Amino acid sequence: MSTSSREMTAKLSLVDRLRQGPQTDLSAWATVMAAALIWLALWGQLQGFANWLSYQVLGLAEGSHLGESVAFFLYDVPKILLLLSGMIFLVSTVRTFFSVERTRQLLGGKREGVGNVLAALLGVVTPFCSCSAVPLFIGFVESGIPLGVTFSFLIATPMVNEIALVMLFGLFGWKIAGLYMGTGLLVAVVAGFFIGRVPNVERGVEDFVWQISMGQAALQEAKPSWRERFTKAWQSTREIVGKVWLYVVIGIAVGAGIHGYVPAGALADILGKEAWWSVPAGVILGIPMYSNAAGIIPVVHALMEKGAALGTVLAFMMSVVALSLPEMIILRRVLKPRLIATFVAIVGVGIIFTGYLFNFVL
Amino acid sequence: MIIKILGTGCANCQKAKALAASVVAELGLDAVVEEVTDIPAIMSYGVMSTPGIVIDEKLVGYGGVPTREQMIQLLQQAGA
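If you read the sequences in order, they're chains V and H. Using the numbering used here, the letters of the first sequence map in sequence onto residues -17 to 344. Using the numbering used here, the letters of the second sequence map in sequence onto residues 9 to 88.
Bound conformation, chain H alone (with noise of 0.2 Å):
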């Protein structure tokens, strides 16, 4: 699967991103993390509050970093 976590390069958005590589780590989940820092590409999934979190093309969150526990639920709901 591919995580694109949307954002402007700002703190929450590095937090966002480190959390997700973690989750997958630990889960042992095939699945890589990408950034997307492009503002027309980010526009283009409707985010407006970043970071936002895009599990294979599909918008799963926005607006804040999620805790570890919805991180899981997010990347195990998207695997099933």
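This is chain V alone, in the form it adopts within the complex (with noise of 0.2 Å):
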């Protein structure tokens, strides 16, 4: 078997190594730093190109409301994807550096407020996807991290995720940007604090999860190469981008239709300050909507131009992706809905008061 693969090596030609990408540490840099200026050279040319292209070859009068909202969105959508890309990889690159397991390890022993902070922050950089929250839940609770700690976790992880930062980033700016990681990670600490401080809160857990008994995952885990880093970056930047492409530009199209014709302040009266109940009203709508979380920052961008608040808009978008049905169904299989009830109730609340803090003391 392993001659005939040698042969096989032996036999690449330069279009298959040019597939295969990088063969070395060093070339994989060299690749790297390569795209990093094609980015950079792209980044600087977005403006002339997206007036360009709407008002030379499409003809559009500058100032019209189709020429606005044209331009807005010709100049969005490759800079939000741009930018999306980047970010992508970068997060993915240091994520090589973590690992579910090593996050475990981490956690384990770790008392209540401590845990909770360090688990928050862990939610952010640990590689993890929401099919794998089963496992995790159980894996964490055997080991016997706190309940309120393994919370903290789970409720960052999808809240500060890189999407719902490189959007923020993208079309708000850092400020609102860091403001909303900021304010996320602190949801995540305060509640999963609150949950592990309800009354018996373990008996919410399934009772099949205490009789579990966890393996001992024997794997030498090898140190992977910066090649092998960059590779699997690439993979989960490809497979992310190609997942919410879609999203992004739907939502910058419906944003950019908001951009050019509605008037401005004429949300103001219904998302403003004034109207109280915006904010929870904006927590509840954003349970059920969840896979459309990249294409929902543009559209309450746009929103925002109008006259809708910072806090209500912040609100809404924590709610729509740290409050997502599919991720409670998932928990469902180990968690009796009147614990799911607790940490919905928790969370929410939560998200309102911050909603409420930015409303009122900005």
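Hints in this document: simulated from the structure, not taken from any laboratory. Just so you know, not all the hints are guaranteed correct.
Only part of the chain H face toward chain V is listed, based on derived beta-carbon distances under 10 Å [unchecked claim]:
#1 L14
#2 G71
#3 G72
Bear in mind the structure is a predicted one, so any value in this text is a computation, not a measurement. We put the beta carbon where it would ideally sit given N, CA and C, even for glycine.
Fit chain to chain and form the complex, with the hints in mind.
Structural data, given as structure tokens:
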């Protein structure tokens, strides 16, 4: 078997080599650097490209409703897609240094409080797919990590995700992206802490969970090379961008329509600071929306231009990503309905509180 | 040999299963590919991040879909 595979390697043509990508750490770094330069060059051309395309090629009038909307769309779509690919690649590379198994070790034996903070932070950088939420939950509980700490992890993971952060950064700027990240982490820490304090919270976990005896994953994890890290990061970048690009395009198209056609201030009455009920309404509305997180931020951005308040908008977004129906259905396999209700209530209150805070303090 | 793909039915678990089956066919191995979706069974291998890959009751990988070359290597090592 090994001789035949060696012969195959010898017969590799140049095309095959190109298709396989870089073979050494050095060439992998060179490839990433070259890609970064191309990325920067493209970044510099965005506005000029959008204006040229909408006003010269399409011949739209500058300042017209349609012209404004189209130019806005043609600028934002490539900008966000470029930002997304770059940022996801970066985050994915960082994530190759972490794993769920290591996170579990790091959290083991931590007290509540410190544990909640650490869990929320690790939730951001640990590579984790919500489809593994059940084995992860059992694994955490099994190794004695307190329930509240486990919840801090489970809340932070979807809430502070790179897609939401990139969209916020690209459309709202770094201040609001940072604000979102900070308050998202805070909600995860505090809500997790309170869930852990609920009397008899353990009884809300399905009984079979306590009976599972977990094996030891006796897998020698070899330290991956840079080439392997970059390859893996590139894989997940392609996968994630492939999954969300359409939502981004549709979201920006709707946002561009609002940008060009809805008069400024039109929404101040229903989504502005004065409408106190808009914060809880936004949180409830956000629960059934999930997969559209990438598409919702551009719409929300346009709404804010027309008078929606920042806190209302942030609360809505947090609810979209952190309180999702699909995730609750997954968690239902290990949690009794009572604990799911507790989880939704505590996280929901945390988000509503954050929304009011921004509406009234800022 | 028996190849088990541990997973809760997620997209990546399906991908890992399809990849294993196609590599088995390509290398002409005498092997069956099974899917394990039972949570306690998955946990008994100590796997928290799916998909996990078990060859003849030995855990050889978890937390993602291996590349084709990695899968070929895993199966060749186990078969040798």
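(message) A closest beta-carbon separation below 10 Å is what the hint needs, so does L14/H meet it against chain V?
(response) The hint holds - L14/H has a Cβ within 10 Å of chain V, the shortest such distance being about 9 Å.
(request) Would you settle whether the hint for G72/H is holds or violated, based on the nearest Cβ-Cβ distance to chain V being less than 10 Å? (result) Cβ of G72/H sits 7 Å from chain V, so the hint holds.
(request) Using 10 Å as the Cβ threshold, decide whether G71/H counts as touching chain V. (result) G71/H check passes; min Cβ-Cβ to chain V is 6 Å, inside 10 Å.
Every hint from the earlier list agrees with this structure, and none is contradicted.
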